[in-house]
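Novice: Here's the letter readout for the chains.
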Amino acid sequence: MGLRTGTFHENYAQDMAIFHSGLQWVIVASFVVLIFACPLFLSDRILTILTMMGIAVISVHGLNILTGYCGQISIGHAGFMAVGGYTSAILCAKLGLPFWAALPCGALAAGIAGLIFGLPSLKIKGFYLIMATIAAHFIIIWTIIQLRPITGGTDGLSVPRPAIGSISLGTKTNYFYVVMVLACLATLLAKNIVRTRAGRAFIAIRDNDLAAEVMGISLWNYKLQAFFIGCVYAGVAGALLIHYYSFASVDQFPFMDSVWYLGMLIVGGMGSTTGAIFGAVALKLMDELVTIAGPILSAIVAPQAAASLALISHGLVIILFLIFEPRGLHHRWEMIRAYFRLWPFSHEAAE
Amino acid sequence: MTFFLQLVVTGLAQGMVYALIAIGFVIILKCSEVFNIAQGHFVLIGGYLGYTFLVPLGLPVWATLLLSIATAVIMGLLIERLMLRPLVGQPVLAVVMMTIALSTVLGGLATLIWGAEYKAYHGMLPTLNLKLGSISVPSESLIGLIVSIICMVALMLLFRYTKIGLAMRATAEDLQVVQSVGIKPTTVYAVSWVIASVVGVIGGILLGGVSGANMELAGIGLKAFAVVLLGGVNSLGGAILAGIILGMLENVAAGYLDPLLPGGGLSQVFPFIVMIIVLIFRPHGLFGLVTIERV
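Chains as they are written, first to last, in our numbering: chain R, 1 to 351; chain X, 352 to 646.
In short, the hints are calculated from the structure, not lab data. Glycine included, C-beta positions come from ideal geometry on N, C-alpha and C. Warning: the hint list may mix true and false statements.
[As the list claims (entries may be wrong)] Derived coverage of chain R by chain X (criterion: at least 3 residues anywhere in the stretch with Cβ under 8 Å from a Cβ of chain X; other residues may be distant):
#1 51 to 64
#2 90 to 99
#3 138 to 148
#4 174 to 185
#5 302 to 310
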C-alpha cells in the first residue's frame, strides 16, 4: 500500500498511531537497518561522529519532553548530564560496578537531581526558571569540583573500559551499537511518553497551565514528572559520554552545551520527537563542518578564526532559525511530506 | 576594622559599576519585556573598545569615550532592528535564545577581532586619589563610582524630563495605551537597546581600566543578573541598591572567606548562590513588582 492523497483517519487510535501506513513501517525499518549496518562500511572517524550524534539525540529527547512538551525551559541540561555521567563513572571506578548496572543508576541520580532543581518550577516560570536552571548548572559543576575525594575534582576521573559480560565495549564499533540501541529505545520511549496521559498533561501545561490546572491536571505532579523524565534522559546521555572517553571531567559538560541542546531543539522544532533527532543531527553535522573549516580559515584569516567561527556559526544558526523558521526543520519536513502526500493537489480540501 | 572598611569601600565602587550594567538590563526588560542575556557581552565589547581607542589608536580619554558611545549606539540600533524586532510577540524562550545567540555572536566577534587575548590598559584612565582617614580609595574605583553616578543621574533626568523618557515609562506601564495615543513602541525599543548597550560599554571601559580587557568581562553579565534578581527585575532603584549590596557582600565574603576555603574562588559562585536564594524565597526581589500570577 502506498501513500494516499489526503488524511483518512476515522478514529482517535488512527490519529495517534505512530505509523500511518505500511510504507512508513518499511521506511523506518530500513532506516534502522541502515544505521546498524553502518560499521560495515564506514570508517572509525565517521562512527565516532555518529556515536556523538546518538548521544546528543538521547539528551535532546529528554530536553524535548521537558521544554518542548511541558514548556519548562531548562538551560542546565549539561549539568544534569554531568550528574548522570559522574554517578555512573564513580560507581564503575570506585565500587567496581559493571557498565550495564552503573548506567541506570546514573540515570536515576540525574532524575533525582532534576526533581530537586525542578522544585523552583512550581513557584516560578519563564525567565526566572531559566535563571534557576542556569544557576543549577553552575552549582552542580561547582559541587563536582569541590567533591575532590570522590570525583577527582578538576583532575577528572578515569573509568574502566565498559564491558557487558565478556564483550568489551572499548572498540568504536561495539560502543556505536550500544549507543544506537539506546538511542532507538529512547526515541521509541519518547514517542510513546507523549502519547500517554502524562504526555497529554505535559502539552496541556505548556499550552496553558491555568487551564490545565482547572481541568484537574496536577501541576505539581506533572511538572516534576517532566523534570524527572527529561533528566533521566540527560543522565543516560551523560553516562554514555563519559564511558565513551573512559574519563570523566567537568570540561565535558560546559555551560554552552546546555545552550546548544536548546539550540538543537529550536533548529529541529520544539515539541516533536522527529524534530529532536533532526536538530541533534543538524547541529552535530555543523560542528563537524566547523572543525573541518576552522583550521583552513585560521590559516587564511587569523589564528583565532577557528574559535570565533565555532561561536559565530552556532549563534547565527539559532538566530536565523528563530527569525525565518521558528518551527524548525521538523516543520519543513512535514511540508515536504505533505507536498508528496497530496500530490497532485496543492493542499488538503476543507471538509 | 580598617580591612573591613577598605573592603566595603572597594565593594561600594565595584557595586556601582555592577548597578550601572544591571540598569541596562532593567531598561530593556521594562520597555520590551526582553531578558537580555547578552548584557555581559556589551561589557566585553566595551572593555575591548576602550583598549582599541586608548592603546593602538592612542586617542585621549574623552575621544575614546565619545567613539565608544557612538559604536555602542550603532550596535544597539542594529541589534534591535535585525534580531529583536522580528521576534515581537514570540514566546519567552525564543527571545531568551535569541539574546543567548547574540551573546555568542558578540563573543565570537570579539575573539575574531581582538583574539580573545588579555589586553591591559591599566593607568590610561585619569587618576584621582582620595584618602578617608586610614582608608585609601583606589583611583579606578573612585572613577568608576563617579562615572556610574553621572550616568545614573543622566538616565534619571532622561526619564523625568524628556519626551522619549516619558514614552519609555509609559510603554513599561501599558503597551496598548501607548500605541493608542500614537507613540511608536519600536522607537522605544530601539532607544532602550541603545541605552543598554551604551551603559554596558561604559561599564566595560571602567572595568577594563581596572583589570584589563579579556573574555572574563562577559561574566560580569552574570553578576548583573544576580543584581537585577536581588533588586527586583523591574525596579531601577532596586538595581542600584542591589548592585551596591552585592558588590560589598562579594568583596567582604571574598576578603574573609577565601583564605579559609582551600580552592577559594567564592566570588565565582557567589552570584549564583544569591540568585537561587532570591528565586526561592523572594522571586520578585527586594523592590520588584509583586505580580500575582498562578504558576
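Novice: Are the hints correct? Go through all of them and say.
Specialist: Now the hints, each set against the structure:
no., hint, in the structure
1, 51 to 64, "violated (count 0)"
2, 90 to 99, "violated (count 0)"
3, 138 to 148, "holds (count 5)"
4, 174 to 185, "violated (count 0)"
5, 302 to 310, "holds (count 8)"
This entry does not satisfy hints 1, 2 and 4, going by the numbered hints stated previously.
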